[in-house]
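**Q** Generate coordinates for the entire structure from the input sequences, incorporating the hints supplied.
My numbering puts the first residue of the sequence shown at 1, with every later residue one more than the last.
In case anyone wonders, no lab produced these hints; they're calculated from the structure. Small disclaimer: the values here were computed from a predicted structure and weren't measured. Just so you know, even glycine gets a beta-carbon here, dropped at the ideal spot from N, CA and C. Check before you lean on any hint, since a few could be wrong.
Distance windows between CB atoms, simulated [said to hold, decoys possible]:
#1 L35 / V121: 19 to 27 Å
#2 K18 / A130: 42 to 50 Å
#3 A130 / V226: 34 to 42 Å
#4 I170 / T127: 35 to 43 Å
#5 I174 / A32: 39 to 47 Å
#6 L42 / P191: 33 to 41 Å
#7 A54 / V142: 26 to 34 Å
#8 I174 / R31: 22 to 30 Å
#9 F181 / M125: 33 to 41 Å
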Amino acid sequence: MTNSGIPNALGASTSLGKATLNALRRSVGTRARRLLLAVTLLLGLVAAAGLGMAGPPDDRTFANLSDAAQSLMSIIVPAFGILLARDLKRAPGTTRLTSTLLAATLLAAVVGLFGLLVCVVALTMTTSSAQEPWRPVGTIAVGSVLVQVVAQLVGTGLGLLMRRPAIAFIATIILPLGLWFLLGAIDVLTPAQALTPYSSVRHLLSGQMSALNWVQWFAVLLIWGVGLNALGGARLRQRNHDSHPAPALGEQSRSLSQ
Numbered sequence: 001m002t003n004s005g006i007p008n009a010l011g012a013s014t015s016l017g018k019a020t021l022n023a024l025r026r027s028v029g030t031r032a033r034r035l036l037l038a039v040t041l042l043l044g045l046v047a048a049a050g051l052g053m054a055g056p057p058d059d060r061t062f063a064n065l066s067d068a069a070q071s072l073m074s075i076i077v078p079a080f081g082i083l084l085a086r087d088l089k090r091a092p093g094t095t096r097l098t099s100t101l102l103a104a105t106l107l108a109a110v111v112g113l114f115g116l117l118v119c120v121v122a123l124t125m126t127t128s129s130a131q132e133p134w135r136p137v138g139t140i141a142v143g144s145v146l147v148q149v150v151a152q153l154v155g156t157g158l159g160l161l162m163r164r165p166a167i168a169f170i171a172t173i174i175l176p177l178g179l180w181f182l183l184g185a186i187d188v189l190t191p192a193q194a195l196t197p198y199s200s201v202r203h204l205l206s207g208q209m210s211a212l213n214w215v216q217w218f219a220v221l222l223i224w225g226v227g228l229n230a231l232g233g234a235r236l237r238q239r240n241h242d243s244h245p246a247p248a249l250g251e252q253s254r255s256l257s258q
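**A** Below, the structure written as structure tokens:
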């Protein structure tokens, strides 16, 4: 990942909505970031169109197209969260983490919806010999957005926890997949694979979501989304505290008296 800089200053906003909008603008506020977004969307488009036009007729299903398109895009999506996290760490003073996480989530949802749209168009324009090629479209549609949201939150979390954006981006790929392979290699730990993002992606994009699978996805969200960002947020607050230590009691009293 390249150092694309902070597109705009991170000023204090009077409302969460305004702060979120500012963060959303920053997420694509430079030429490098807009190019990265274009590449991300292009990957989804090429995957859906390629499988829809050149894939075996039996494989032309909404589930297969979504799996290819959303999986490819989810590799790049965490980069935006990492860059937004870096913006926070480089900003002077205290910054609002909540607005950044909301903006990152919204951007991820847009990517997921784009992938959903291109898969619908690709399947509509092709001929499929599969039985019920659209089934289960509703679950996969929801899953497409959720896949990108979790991927993005992994990016913001690791971006806050790691100093170098390039290392954080590599970790968004190696850490979830590596843990999935490691757990699968040890028989007694194999059930724990359900708590990795890769496992939840497979269920969401296939549309095979039982009640247990939804519970497992929620656990993945708590661990990889909420947990990583909670740790990253604590580190960010510590960094802000170290940069702006609280004044001594006597200094604070003099300041108040003035």
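**Q** Tell me, which hint numbers fail for this structure?
**A** 5
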